[in-house]
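*Asks:* Add chains G and C with the ligands to chain V, keeping to what the hints say.
Protein chains in written order, with my numbering: chain V, 52 to 379; chain G, 26 to 198; chain C, 185 to 961.
Note that these hints are calculated values from the structure, not bench results.
Yeah, the Cβ is synthetic: ideal placement off N, Cα and C, and Gly gets one too.
Hints are supplied without guarantee of correctness; some may be wrong.
Claimed, not checked - Just the calculated beta-carbon pair ranges, DEER-fashion: (1) G/G91 to V/G115: 52 to 62 Å; (2) C/M378 to G/G91: 29 to 39 Å; (3) C/P302 to G/G32: 46 to 56 Å; (4) V/G230 to G/E115: 50 to 60 Å; (5) G/A34 to C/A280: 36 to 46 Å.
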Amino acid sequence: MNRFTYARAADTFDAVRQGSDAGVKYLGGGTNLVDLMRETIEKPASLVDVTGLSREIEELPGGGLLIGAGVRNTALAEHRLVRQRYSLLTRAVVSGASAQIRNMATVGGNVLQRTRCAYFYDDAGSRCNKRSPGSGCDAIDGFNRNHAILGASTSCVAVHPSDMCVALAALDAMVHLRGDGGERRIALADLHCLPGDRPDIETMLEPGELITGIELPPASAISRSTYRKVRDRSSYAFALVSVAAVLEVEEGHVRNVRIALGGVAHKPWRAMRAEAVLRGGPAASLAFATAADAELAEARPLSGNAFKIKLARRTMVAVLEELAGEIA
Amino acid sequence: MTMIVNGEAAEIPRDPRVSLLDFLRDDLNLSGTKKGCDQGACGACTVLVDGERVLSCLSLAVQMEGRSVTTIEGLGTPGHLHPLQQAFIEHDGFQCGYCTPGQICSAIGMAAEIARGVPSHVTTNLGDDAIRLSHDELRERMSGNLCRCGAYNGIVAAIAETFAEAPLAEAAE
Amino acid sequence: MSIVSDAKQAIQGAVQGAMAKAVALAPDNWIPGGEPDPLIRERYGHVGKPLSRIDGPLKVSGQARFAAEFPMDGMVYAALVFSTIAKGRIATIDTALAEASPGVVAVMDHRNAPRLAPPPVFMSAPKAAGGDNLPIMQGNDVRWNGEPVAVVLGETQEQANHAASLIRVIYEEAPALTSFAEARGQGTRPAVFMGQSLHDERGDAEAALAKAEVQVDATYLTPRHNHNAIELHGVTAAWQGDVLRIHDASQLVAHTAWSIGQMFGMAEDKVVVTSPFVGGGFGGKCLWQHQVLAAMAAKVTDRPVRLVLSREGVYRVVGGRSPTEQRVALGADREGRLKALIHTGVTIKTATNAMPEPFILPTRSAYASDTLKLDVQVVELDMLANTFMRAPGESVGTFALESAIDELAEALDIDPIELRIRNEPEKDPSTGLPFSSRHIVEAWRDGAQRFGWARRDPRPGLRREGEWLIGMGCATGTYPYYRMPGGAARITLTRDGRAIVDIAAHEMGMGTATAQTQVTAERLGLPLDKVSFNYGDSTLPGVVLAGGSQQTASIGAAVGAAHRDLVKALLKLAGNESPVAGLGPGDVVSREEGLCKADEPSRHETYTSILARAGRETISVEAEGPPPLETMHWSMHSHAAMFCEVRVNAVTGEPRVSRFLGSFDCGRILNPKTAMSQFRGGIIMGLGLALMEETQFDERKGRVMNPSLAEYHVPVHMDVPEIDAIWTDIPDPHAPMGARGIGEIGITGTAAAVANAIYNATCKRVRDLPITLDKLL
Ligand SMILES: Cc1cc2nc3c(=O)[nH]c(=O)nc-3n(C[C@H](O)[C@H](O)[C@H](O)COP(=O)(O)OP(=O)(O)OC[C@H]3O[C@@H](n4cnc5c(N)ncnc54)[C@H](O)[C@@H]3O)c2cc1C
Ligand code: FES
Ligand code: FES
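Next up, chain V with everything else stripped away, as it sits in the complex (with noise of 0.2 Å):
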């Protein structure tokens, strides 16, 4: 690990007047960050812990939420409204990681973790052009079972790791910024990138910007929702695959329906074409098939993942049904 200075930040304005030098990273629980650092592939200047701002869950008129970037994933899963509004996110963060990780990280650094692959980890011994841009990588013709079918390009194969993420990705969610420019918004959908010849580049976010808090828009009373991961053990793992839908149907036809696959691509992906597929149709298993068949028809799986195009089919229509069934 780098030496580096170490504040903590005040309050908002602190935090992003200290965040705008160069070399500036803010500290959340530190579960990712502090262990990229000691793997060398963070070297931050200073370190400025963001954990003691916005920890605040909102409720907003009109009966959305408000969750402050620095809400604890525990304390963003046990939350009654959470846990009654938005049971998907609830269920996406309690499968993440474990209870002491879960305790220590927060909000903002959740939506920001970094990819697991093992070619970006090994900073001493692999080429990756996320950890240095231009040096090729590694994974592509290597170990890639838990990689990319979806949006990768031939510069990265890597996946974003966050369950969070996938529900906030079906929940619409916004998330809130500031930096030296004022404050902004931006959908979460939205907010990572495509890994395109520029891996490195991960979010929209400009240098120094502070995610202060997600947004959450109302939740209908009619919609069900929930989120399932697969994965290889049955706790204390990554996704491979994980489907999030909320699902609303009227007279057995789907009025609304939102779905995001995590553990496919370098982002949250939110599965637009089954969407499309889906609205106004029967909310029926083959009207699922074949959502998930058109999502899945640009999914292109590299030499150890294949199974993942038939693992995502599978588990989005099989959250469908279960969704559908409940309302039936």
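*Replies:* Then chains G and C with the ligands, alone, in the frame of chain V:
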């Protein structure tokens, strides 16, 4: 700058790189807290910070200013064991004993979480405030603590016995 | 008994053939274990009681000190730099930045490392412990990807780690052989294991197979594995005068002391290795480069050194289990009687170690078959030396063999338990030796009853609850009884009636200290609290390896021998006024804190009284166990009937074990509480082997890519159901205490039981481990 460790003030190290884990083990000589990976992947380094279980390997000591840290040494001593420590012995909840302090601290943190109604991956009804202390709930909630010796059955039995007898919140104190 | 005097040599492989025959034919009572250990008769004492671990209070309160937890004055912390090529040489190594980094005390690399001899590789001498025989940091050549190339010593761990990241190494790469397929293309070589060839042939098995009415012939694959004890390999090393002191995490302290002595050109008693607690071993806590580097660095800095491998470091420096590709072919008649049994295949080692994964071992004495062909071939790669990992051979060998048996049962439409029982041999099929004690059929019957095997539907793929397909499977587990030569112990009796046993043995969680306290108390007729057991220190007597599940027998035989000598010495000391005066060692037994005439217990005198009368504070005897000839006279094996119920998700393929039972025949169980944990622990590692464990070795560069507990999956709490274990508890009349060792058998048979259950659930036969969900979609 100080933190409280097992009830006593401890000066925070000047080098901000020092993890809470290394601070406890190397500076305070409290080697009951174990290092199994230094990567957040095994749970051996679990301690309680203000009553919550966290991984000391991924916590920086500087972040602990003003906070209260409880380690295994703060829970009981060979002559005065915490009931959970005693139950680990009765149920043979360990073999080599290396993951054990982490398992015990984790279980105590978990008891408080259950008492508070924090749901887990296997909680079926998220609307419920009371969590039933089932075998599955215990196993899921303890899954952040690896035991390579495979003492899992004994660990779960020890926790179940300890926290079935005392109301959760009390036993967690 | 010239047999006994020649035996040591024989065991070390020098004069095997003729000697083995002589031992096999010798009368029983010439052989150790020929007279059953008197302790076997005792059924009401300490042995067999579920005593809680005596080191429990220390362990649960965090007071047990492990290797990296001994602070020393002036101690410096070490950090390693690992090579990133598999073969070649270091062209330049730039340490200037590191040396200038704050807190750095020294940087050691091949240019300034002390000169020393290469490690004696394990099995090259009785006390050799090296994982390989490659010289350590003596030159600029690189032999595997991940080899340590520099050591940074700093005032704090953080300073050392940071400085290590500043070292720049430029390599000249040489072509390396890191691909299994490529190596096989260049030809394989017959494997040799512990001085013996891994090749056995009886009759023409291929011809018998071809003629057999029913045949099964399949290839099974098992990947690389790492031990992943939760304790990182740690060592604290200090030169104190001319003595090198090493706090190690070790399962072989005496071997380590001798081997390090050889390397530094020192007498072994000048190297003191202690290891009171070991945070899990499983074969991985032996002698690798880190202990030696720490000792070298302590010399370079003239300060004590603490070196704890990072988790990545463990994967780079400590070998694991090699992959195997195994063929099992079975030919049988319609009744299921085996006509041909073929188990052959290939595994990987290095040119510098002597450890081919001996996967045919479990097949040698498994089944009666008209013909037999067993063979292990090896290829050698440029990689870190592989090594022993829990049940080397049996763990992965039983996966292949017992999967094939299940396939045969399916082909024959015979219940797989019944098929196994039909092929029970009467004597050892490979050696012709009689079995010392084999009650596997009882284990099967008891297990089947308890597990509810009768409820299994033999037709696969039919049981379903919601999304979950449910199946049951079974397999035989087996592990030999071993006892290695060199076990010795000292017993000291004190005037206040206490006994102290000293032996250079190990406690890695097996419960050794607890069980041996029980055994010793019983042997000496003492209450438990009057016995203390000292171990984990190379200055104590004995050369005892905690491996091969043999430590219990080794200690048992040594303490038994020491006890016999102690009785003799006490009788001498007792003199004419003693109630036991005039009796010979054969006439007396130890009971109620003293000696008494065996058939006249009222003729009794306490140890205290004997010592007091003789005016002695203590009496101390040291003795060595007899050479382990029993394994050449009887076929001695433990067995287990493993039963598994799995649930496989029909949508996602996720396999989850819902029930497991091991029904064991391991001789006498000394402590049912700690034994239960050993059985369960082995089974749980077997579940990992079956479902998730794999070291990802990138053959392009010969580099392990998942050196982390996040990416190398071992079972977590949620993966592990309540595991049931029962045992026959029938003492082996020829093993010390009647006990055959229980540390490794749990992992054997388990993977096959899981695979067979998965087949029963899904109709899918998976022959390559681990059985991850993608193979079941
Ligand atoms: C063994 C292990 C298993 C895991 N398993 C899972 C899993 O199954 N599923 C899963 O989803 N996750 C998993 N995780 C990852 C875990 O969820 C993340 O590490 C965690 O959510 C990160 O949150 P943090 O607050 O600790 O972030 P930090 O580590 O503090 O920060 C992460 C990044 O976010 C930046 N950052 C933090 N806060 C802000 C802010 N407010 N504004 C701008 N930037 C900010 C930091 O600068 C840093 O770049 C696992 C982690 C480990 C170690
Ligand atoms: S040492 Fe902290 S989780 Fe392993
Ligand atoms: S007791 Fe050894 S790792 Fe848990």
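*Asks:* Would you mind marking each hint as holding or not holding in the structure?
*Replies:* Outcome of the hint check:
{"no.": "1", "hint": "G/G91 to V/G115: 52 to 62 Å", "verdict": "violated, 34 Å"}
{"no.": "2", "hint": "C/M378 to G/G91: 29 to 39 Å", "verdict": "violated, 60 Å"}
{"no.": "3", "hint": "C/P302 to G/G32: 46 to 56 Å", "verdict": "holds, 52 Å"}
{"no.": "4", "hint": "V/G230 to G/E115: 50 to 60 Å", "verdict": "holds, 57 Å"}
{"no.": "5", "hint": "G/A34 to C/A280: 36 to 46 Å", "verdict": "holds, 41 Å"}
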